[in-house]
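Undergrad: Just so you know, the protein sequences line up as chains S and B, in that order.
Counting from 94, one number per residue, gives the positions in the first sequence under our numbering.
Counting from 94, one number per residue, gives the positions in the second sequence under our numbering.
If you are wondering where the hints come from, they were derived from the structure by calculation, not from laboratory data.
Everything numeric in this text was worked out from a predicted model, so none of it was measured.
One thing to keep in mind: the hints can contain errors.
Since the list can't tell identical chains apart, any single copy or any two copies may satisfy a pair.
Said to hold, decoys possible - Calculated lysine-lysine pairs in the BS3-like style (CA-CA distance at most 27 Å, straight line):
id, residue 1, residue 2
1, Lys549, Lys115
2, Lys272, Lys431
3, Lys205, Lys170
4, Lys205, Lys180
2 protein chains.
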Amino acid sequence: MSKKLTTREEDYSKWYNELVVKADLAENSGVRGCMVIKPYGYAIWEKMQAELDRMFKETGHENAYFPIFIPKSYFSKEASHVDGFAKECAVVTHYRLKNDENGKVVVDETAKLEEELIVRPTSETIIWDTYRKWIESYRDLPILVNQWANVVRWEMRTRLFLRTAEFLWQEGHTAHATKQEAIDESKQMQEVYATFAEEFMAMPVIKGFKSESERFAGALETYTIEALMQDGKALQAGTSHFLGQNFAKAFDVKFTSKEGKREFVWATSWGVSTRLMGALVMTHSDDKGLILPPNLAPIQVVIIPIYKGEEQLNAISEKVEALAKVLRNNGVSVKYDKRDTYKPGWKFAEYELKGVPLRIAMGPRDLENGTLEIARRDTSVKQTIAIKDTVSFVQETLETIQKELFKKALDYRESHITEVDSFEQFKEVLETKGGFVSAHWDGTIETEEKIKGLTKATIRCIPNDVKFEDGICVFSGGKSTKRVLFAKAY
Amino acid sequence: MSKKLTTREEDYSKWYNELVVKADLAENSGVRGCMVIKPYGYAIWEKMQAELDRMFKETGHENAYFPIFIPKSYFSKEASHVDGFAKECAVVTHYRLKNDENGKVVVDETAKLEEELIVRPTSETIIWDTYRKWIESYRDLPILVNQWANVVRWEMRTRLFLRTAEFLWQEGHTAHATKQEAIDESKQMQEVYATFAEEFMAMPVIKGFKSESERFAGALETYTIEALMQDGKALQAGTSHFLGQNFAKAFDVKFTSKEGKREFVWATSWGVSTRLMGALVMTHSDDKGLILPPNLAPIQVVIIPIYKGEEQLNAISEKVEALAKVLRNNGVSVKYDKRDTYKPGWKFAEYELKGVPLRIAMGPRDLENGTLEIARRDTSVKQTIAIKDTVSFVQETLETIQKELFKKALDYRESHITEVDSFEQFKEVLETKGGFVSAHWDGTIETEEKIKGLTKATIRCIPNDVKFEDGICVFSGGKSTKRVLFAKAY
Numbered sequence: 094m095s096k097k098l099t100t101r102e103e104d105y106s107k108w109y110n111e112l113v114v115k116a117d118l119a120e121n122s123g124v125r126g127c128m129v130i131k132p133y134g135y136a137i138w139e140k141m142q143a144e145l146d147r148m149f150k151e152t153g154h155e156n157a158y159f160p161i162f163i164p165k166s167y168f169s170k171e172a173s174h175v176d177g178f179a180k181e182c183a184v185v186t187h188y189r190l191k192n193d194e195n196g197k198v199v200v201d202e203t204a205k206l207e208e209e210l211i212v213r214p215t216s217e218t219i220i221w222d223t224y225r226k227w228i229e230s231y232r233d234l235p236i237l238v239n240q241w242a243n244v245v246r247w248e249m250r251t252r253l254f255l256r257t258a259e260f261l262w263q264e265g266h267t268a269h270a271t272k273q274e275a276i277d278e279s280k281q282m283q284e285v286y287a288t289f290a291e292e293f294m295a296m297p298v299i300k301g302f303k304s305e306s307e308r309f310a311g312a313l314e315t316y317t318i319e320a321l322m323q324d325g326k327a328l329q330a331g332t333s334h335f336l337g338q339n340f341a342k343a344f345d346v347k348f349t350s351k352e353g354k355r356e357f358v359w360a361t362s363w364g365v366s367t368r369l370m371g372a373l374v375m376t377h378s379d380d381k382g383l384i385l386p387p388n389l390a391p392i393q394v395v396i397i398p399i400y401k402g403e404e405q406l407n408a409i410s411e412k413v414e415a416l417a418k419v420l421r422n423n424g425v426s427v428k429y430d431k432r433d434t435y436k437p438g439w440k441f442a443e444y445e446l447k448g449v450p451l452r453i454a455m456g457p458r459d460l461e462n463g464t465l466e467i468a469r470r471d472t473s474v475k476q477t478i479a480i481k482d483t484v485s486f487v488q489e490t491l492e493t494i495q496k497e498l499f500k501k502a503l504d505y506r507e508s509h510i511t512e513v514d515s516f517e518q519f520k521e522v523l524e525t526k527g528g529f530v531s532a533h534w535d536g537t538i539e540t541e542e543k544i545k546g547l548t549k550a551t552i553r554c555i556p557n558d559v560k561f562e563d564g565i566c567v568f569s570g571g572k573s574t575k576r577v578l579f580a581k582a583y
Numbered sequence: 094m095s096k097k098l099t100t101r102e103e104d105y106s107k108w109y110n111e112l113v114v115k116a117d118l119a120e121n122s123g124v125r126g127c128m129v130i131k132p133y134g135y136a137i138w139e140k141m142q143a144e145l146d147r148m149f150k151e152t153g154h155e156n157a158y159f160p161i162f163i164p165k166s167y168f169s170k171e172a173s174h175v176d177g178f179a180k181e182c183a184v185v186t187h188y189r190l191k192n193d194e195n196g197k198v199v200v201d202e203t204a205k206l207e208e209e210l211i212v213r214p215t216s217e218t219i220i221w222d223t224y225r226k227w228i229e230s231y232r233d234l235p236i237l238v239n240q241w242a243n244v245v246r247w248e249m250r251t252r253l254f255l256r257t258a259e260f261l262w263q264e265g266h267t268a269h270a271t272k273q274e275a276i277d278e279s280k281q282m283q284e285v286y287a288t289f290a291e292e293f294m295a296m297p298v299i300k301g302f303k304s305e306s307e308r309f310a311g312a313l314e315t316y317t318i319e320a321l322m323q324d325g326k327a328l329q330a331g332t333s334h335f336l337g338q339n340f341a342k343a344f345d346v347k348f349t350s351k352e353g354k355r356e357f358v359w360a361t362s363w364g365v366s367t368r369l370m371g372a373l374v375m376t377h378s379d380d381k382g383l384i385l386p387p388n389l390a391p392i393q394v395v396i397i398p399i400y401k402g403e404e405q406l407n408a409i410s411e412k413v414e415a416l417a418k419v420l421r422n423n424g425v426s427v428k429y430d431k432r433d434t435y436k437p438g439w440k441f442a443e444y445e446l447k448g449v450p451l452r453i454a455m456g457p458r459d460l461e462n463g464t465l466e467i468a469r470r471d472t473s474v475k476q477t478i479a480i481k482d483t484v485s486f487v488q489e490t491l492e493t494i495q496k497e498l499f500k501k502a503l504d505y506r507e508s509h510i511t512e513v514d515s516f517e518q519f520k521e522v523l524e525t526k527g528g529f530v531s532a533h534w535d536g537t538i539e540t541e542e543k544i545k546g547l548t549k550a551t552i553r554c555i556p557n558d559v560k561f562e563d564g565i566c567v568f569s570g571g572k573s574t575k576r577v578l579f580a581k582a583y
């Protein structure tokens with residue numbers, strides 16, 4: 094397979110699809126809309142999981158596991174939820190196959206379920222059905238639980254990581270005695286997500302909350318983190334929902350307060366998914382391949398020997414293996430690729446495609462001089478340094494790369510938030526420059542829908558730090574109290 | 094809920110079910126046969142996962158993720174596999190729900206899948222369909238991949254952890270250029286499982302291989318680790334399969350060898366599941382509750398203050414928090430439970446039920462004397478020691494407990510392997526003493542089935558280190574070359 098990619102300029106969407114496959118992140122499977130996450134892609138996801146899981150635990154959460162199947166009737170209990178989720182989903186109707194008279198494997202019609210089971214698209218219903226058994230009094234609250242799981246939503250148009258029928262995610266589901274505590278929890282998790290996105294993914298995000306029509310089905314408030322991709326489209330990277338007492342009421346979950354009263358429990362839910370992998374790819378990568386932030390790179394440094402004959406390879410390997418050991422002891426993940434089945438040029442292109450932050454090459458002249466050549470993936474800058482200086486150089490450079498990737502993405506994002514005061518300007522900015530458009534809006538769902546119909550742009554969020562000011566809606570001319578952020582989005 | 098359990102002697106099976114629920118490990122859900130793994134149970138599973146994952150990676154494996162759905166036709170490609178697995182399974186037939194004329198949520202009959210999808214009972218078929226795309230030449234081999242996932246098998250009689258419709262597991266799937274390499278891999282993974290069971294679960298296992306009729310559907314050889322529960326029944330704790338070229342042939346997976354020939358690829362698969370949680374519970378626990386080996390205990394030491402009034406609590410807390418910090422810095426996981434909503438007696442019973450290896454109590458007299466009381470969960474032995482000696486005492490005692498739990502289980506197992514030379518004796522041992530029965534067997538499936546029909550005992554394994562010797566089958570009187578291990582099993 095050629096390592097050459099379609100360029101972003103030629104066809105951004107094609108560039109993305111090719112990159113995900115060629116860099117060994119994921120590929121389509123034989124099952125419509127379901128992807129295979131390949132080892133290299135999964136290694137990045139594991140690093141994401143590890144950091145998020147640590148952050149969840151540091152904020153007092155525990156993991157648990159709930160069934161993948163949800164009885165159909167559970168969905169009907171929360172009216173807006175069933176409309177939002179349960180309709181486009183995989184439905185299990187039978188529990189047995191058999192051989193027919195020709196020996197063909199067919200569904201056994203006698204093994205039909207009394208009630209159909211839905212493969213979970215999200216777990217609020219099954220979890221709140223469980224919480225009813227767990228919650229008796231205020232002593233049982235709060236419940237701070239997270240689940241790492243697979244979920245299924247029957248998407249018609251799928252794209253690797255961004256929109257797949259099955260995806261991996263985490264879903265936090267918490268239960269609280271008071272409204273304020275639940276609101277604080279949902280805001281806290283938005284902060285956790287933002288910190289993760291910025292410090293690990295090097296991806297700047299805008300923290301905000303959703304307009305009513307963009308809220309999670311069943312939520313009173315949806316907090317979101319919104320990122321901007323290199324093609325000027327926004328990507329919702331994580332959401333945290335204040336669910337009020339909706340699910341407690343639907344599943345009859347009450348607790349006895351300290352004062353002895355029976356009250357409904359307050360709820361939140363929050364999640365991020367393998368969609369973050371798509372966001373990571375589109376935030377930093379270039380026409381040569383992936384660019385990974387060091388904090389999430391499965392391989393931070395790859396070392397490639399340049400040699401003729403076994404004797405030279407052995408001499409180089411001795412040096413490299415000693416160096417690799419020291420680097421590993423200093424917390425750097427290193428791969429030494431001395432396979433003789435591939436040439437150095439092939440390897441250079443391979444690790445470029447895979448976004449390894451630093452590449453070290455060592456040849457016979459380096460051996461004589463006690464040096465090595467080190468190249469940055471993000472800037473392509475090469476330097477020859479003394480072997481003895483490698484550890485500190487690598488550590489510092491990895492930190493620099495992490496910071497500079499964030500800075501570069503932030504500069505791009507900052508230069509792509511445009512204030513507009515007319516609908517003409519609104520459309521023009523969307524069509525030419527892209528990015529976020531900051532505009533006054535009259536607060537109605539009608540206007541929101543009309544704008545979406547005409548431009549494909551949606552309200553990504555009302556920023557947490559929104560300034561309230563009198564204004565005029567760019568579309569309707571009606572009264573507005575604040576600017577909100579519109580964008581075309583993934 | 095009362096913390097008192099049915100005793101093992103009264104009703105072993107009831108004791109187990111009660112313990113799993115009361116110790117907050119798992120409970121039944123609203124979905125038939127599917128369990129909820131509660132936070133405390135999941136924390137133990139996470140510790141198991143972490144150690145296994147480390148061991149897999151140390152032996153060169155990487156993680157990946159494959160779709161949860163498998164097209165029905167994939168199963169038909171490997172004949173014995175479909176009989177073994179695909180029949181009792183959840184079948185997805187539709188992908189949409191709708192509201193009927195009465196507003197009721199029903200399956201949308203127009204959204205019927207052309208080909209039904211099976212919720213994976215195991216992933217050989219979807220994975221080998223993928224490997225065909227990954228493997229071109231010897232350079233692409235070996236593939237050493239593992240997946241952490243949920244699977245579904247439509248069991249009719251389910252029990253928490255031991256047999257559930259959905260369970261969590263890992264499944265390794267490897268591809269090799271030679272038969273020997275695949276055999277070595279499957280044996281290596283049996284060793285990894287045995288090491289994990291013995292060093293972390295403190296559960297002795299017999300390493301062996303299965304008779305033909307007990308093999309995995311599609312395997313040429315199934316290596317197993319077999320444990321013995323306190324009621325004298327065996328439990329298959331992990332299996333590793335040498336699959337020959339069966340799946341490569343079914344999915345047409347060939348590679349070009351170094352010599353330029355096209356050859357079918359050799360395969361293994363291996364797995365352990367949340368069933369290990371059941372094994373862990375039944376190996377060590379007693380009538381007061383769980384007993385957890387320190388290497389897998391989410392809380393290794395719980396500290397409970399005994400106090401009157403806030404002033405005393407504060408004085409105790411000051412000491413305890415300093416101590417807890419030092420213990421944590423030394424790698425000990427500590428919980429300080431100073432909740433005022435529960436009394437010390439309630440807490441003692443709670444942590445006994447949950448199997449926390451060491452309990453420290455500190456009261457006002459301890460404060461005066463600079464001492465604390467420390468109690469072992471497994472032996473109930475209490476000791477008063479100086480606070481300053483706590484760290485080394487705790488570390489040593491945790492190691493001692495880990496060793497002694499293993500020793501105790503090993504002694505029990507060793508005294509429950511009985512050699513018998515007649516079928517009368519065979520039946521008597523099974524009925525009275527239980528455990529493994531070591532007996533000569535004529536090697537035929539017929540005899541195996543008849544014995545199973547009469548006694549419910551199956552051949553658990555032929556031990557790896559079996560001695561070949563001439564003998565007479567206990568059942569048929571036919572010729573035998575070796576003793577094999579029979580037992581009733583979970």
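Undergrad: Hint by hint, say whether it matches the structure.
TA: Structure-based check of each hint:
1. Within a single copy, lysine 549 and lysine 115 get their C-alpha atoms no closer than 30 Å, and across copies no closer than 53 Å, so neither meets the 27 Å cut-off.
2. Taking the shortest alpha-carbon separations for lysine 272 and lysine 431, only the inter-copy value of 26 Å comes in at or below 27 Å, while the best intra-copy value is 59 Å.
3. In this homomeric assembly, lysine 205 and lysine 170 come within 27 Å of each other (Cα to Cα) both inside a single copy, at 23 Å, and across copies, at 25 Å.
4. Proximity of lysine 205 to lysine 180 under the C-alpha cut-off of 27 Å is found in both arrangements, the shortest distances being 20 Å within a copy and 13 Å between copies.
Violated hint for the displayed structure: number 1, the only one.
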